[in-house]
Amino acid sequence: MKASGFPYVLPMLLLSVAFFATPLAVLVGFSFIGPDGPSLHNYARFLGDAFNYRVLINTAKLGMQTIASTTLLGIPIALLYWHSGKTARQVIIFLTLIPMLTSNVVRTFAWIVILGRQGPISETFVALGLAERPFTLMSTELGLVLAMCQIDLPLIILPLIAILSRTPVQFTEAAQVSGAGPWRILVTVLLPMMLPGLLAGWILVFASTSASFVTQAVIGGARNVYVPQLIYREVGTLFDWPMASAIAVVLLLSTGILLVAMTTISRHRRLVGHA
Amino acid sequence: MHSPRENPFPVFLYRAFVFGFGGLSLIYLVAPIVIAITMSFTAGQTLKYPPEGFSLRWYEALLDPVRSGTEHIAAGNSLKIAVLAVLGSLLFAVPATIGMARMRRSTVNSLEPFLLAPLVLPSLVYGLAALIVANFIGFQPSLWLTVVGHVVVFGPLMYRAASVVAQGINPSLAEASTVMGATWYTTLRRVILPLLAPGILAGAFLVFIQSLDNVSVSLFLADAQTTVLSLRMFALIEESLDVRVAAMSGILIGLTLVVMLVARRVLAPPRQA
Chain A
1 MKASGFPYVL PMLLLSVAFF ATPLAVLVGF SFIGPDGPSL HNYARFLGDA FNYRVLINTA
61 KLGMQTIAST TLLGIPIALL YWHSGKTARQ VIIFLTLIPM LTSNVVRTFA WIVILGRQGP
121 ISETFVALGL AERPFTLMST ELGLVLAMCQ IDLPLIILPL IAILSRTPVQ FTEAAQVSGA
181 GPWRILVTVL LPMMLPGLLA GWILVFASTS ASFVTQAVIG GARNVYVPQL IYREVGTLFD
241 WPMASAIAVV LLLSTGILLV AMTTISRHRR LVGHA
Chain B
276 MHSPRENPFP VFLYRAFVFG FGGLSLIYLV APIVIAITMS FTAGQTLKYP PEGFSLRWYE
336 ALLDPVRSGT EHIAAGNSLK IAVLAVLGSL LFAVPATIGM ARMRRSTVNS LEPFLLAPLV
396 LPSLVYGLAA LIVANFIGFQ PSLWLTVVGH VVVFGPLMYR AASVVAQGIN PSLAEASTVM
456 GATWYTTLRR VILPLLAPGI LAGAFLVFIQ SLDNVSVSLF LADAQTTVLS LRMFALIEES
516 LDVRVAAMSG ILIGLTLVVM LVARRVLAPP RQA
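Chains as they are written, first to last, in the working numbering: chain A, 1 to 275; chain B, 276 to 548.
Some clues are possibly wrong.
Dumping the calculated EDC-like pairs for lysine to aspartate or glutamate here, alpha-carbon to alpha-carbon at most 20 Å [claimed, not checked]: (1) B:Lys323 x B:Asp517; (2) B:Lys323 x B:Glu513; (3) B:Lys323 x B:Glu514; (4) B:Lys323 x A:Glu132; (5) B:Lys323 x A:Glu123.
Everything labelled a hint here was simulated from the structure, so no lab data went into it.
So that you can see chain A by itself, here it is in the shape it has in the complex (with noise of 0.2 Å):
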């Protein structure tokens, strides 16, 4: 009875074998073409470039820059849930589920509108006088990372939610009984308790970074290039798709690392035990 329910999970493997894991395969075998036979030559090429190099570092730094933001953003939203009713606990659910379905173009709309020449953030800058013209923060590093933070935060909040609404409130009563105060029982219970949600969010946060093509291109403009649009561009204007495999390769290589590594921490014992 037990192992009869193998031919039904049949036809999804069977899908993710042929249609996802073998164009994987292909994908890495044709990273390897160069132009004389297999070699490495593609690794070589583009890693050899100053400019790709800096673009693989700049795409690391904006991942760690959007999870740190995240998190900043993102525990006192959980810790404004768990101080919150019932009522009031629904609606942070909701305001936060919004965002996270919207579309992302649609998304990243809205952040064109915020961070352009007439945008609110520019008004209000010049009406406070704390600016003397008008200015856009399109095409900055700084509007790039404001944009990516509220559109990847929603990720971070989820988990953190998941867990506390799971937690009975006797745990930090129990704290507040034995006569900590507020920032005590943040650091020794709730925090640890947040942890493993933490690090699922930050997972699902650097893997979004990684792929949010469309908000790169449209509000890092230019002058900030970030691996998915040097993929892009080897397959949409070059036509090179060997090199545009050989930096998917990198791109999966370097996220997939990272990935590992934070997965492998969320799963050590002796540093989320408490949870």
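Position chain B against the provided structure of chain A, taking the given hints into account.
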């Protein structure tokens, strides 16, 4: 509430952090959505915000079949692809969910990563890989190829949503049905599928939204004739700051809200009797 030894200053700081900073963060999270909606009602020609006056002119421009013919075709294509992607995901992911629920935990743990892998992989990379293979075996980018790509990349969302529900189903319900003499088909139709329905609906909702929104897979797999909505919006944003994009955003946000409210009704856990 407070223990007698508490120093009022840290407590005040903590409150400011949680209710002040947390509240502001929540506003920052939602503000872009509000801005996109209000922007779409501008009477002006530009993306100046706050908007200049109130009008429905951009919605009119968007609904006009002459001025926005390309957008209408793109929307039609996107809807077609999204519906087909949902159907495809149903076909593959729901049986997998049912099968996994009958297997040993250790088997599930070793098989599941294979099924969920597409969710972690940057979909741009997958789009490129699929394009290379399709080209290799003689397929050109098309609507159908895009659908296959979407089923592979978003099918796991359906699997995950349905399997969360499947794990909560008491196995003795299916056993009881079998013992009572029901065929496996009857058990599936009258017992398992109704119990799975909330998970399947949630999954369908997610696949539909993600498929409609997707750029990076469609970018590689859709042909020139199959313009999809997200790519068309992307092009409009990059080429010119066409205010019709604001109206498109308004419609998409409105749709998301409606679907969310409906889903909340349908998916709300039944009251304990």
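Run through the hints listed earlier and report the numbers of any the structure violates, in increasing order.
The structure conflicts with no hint, since it agrees with every one listed earlier.
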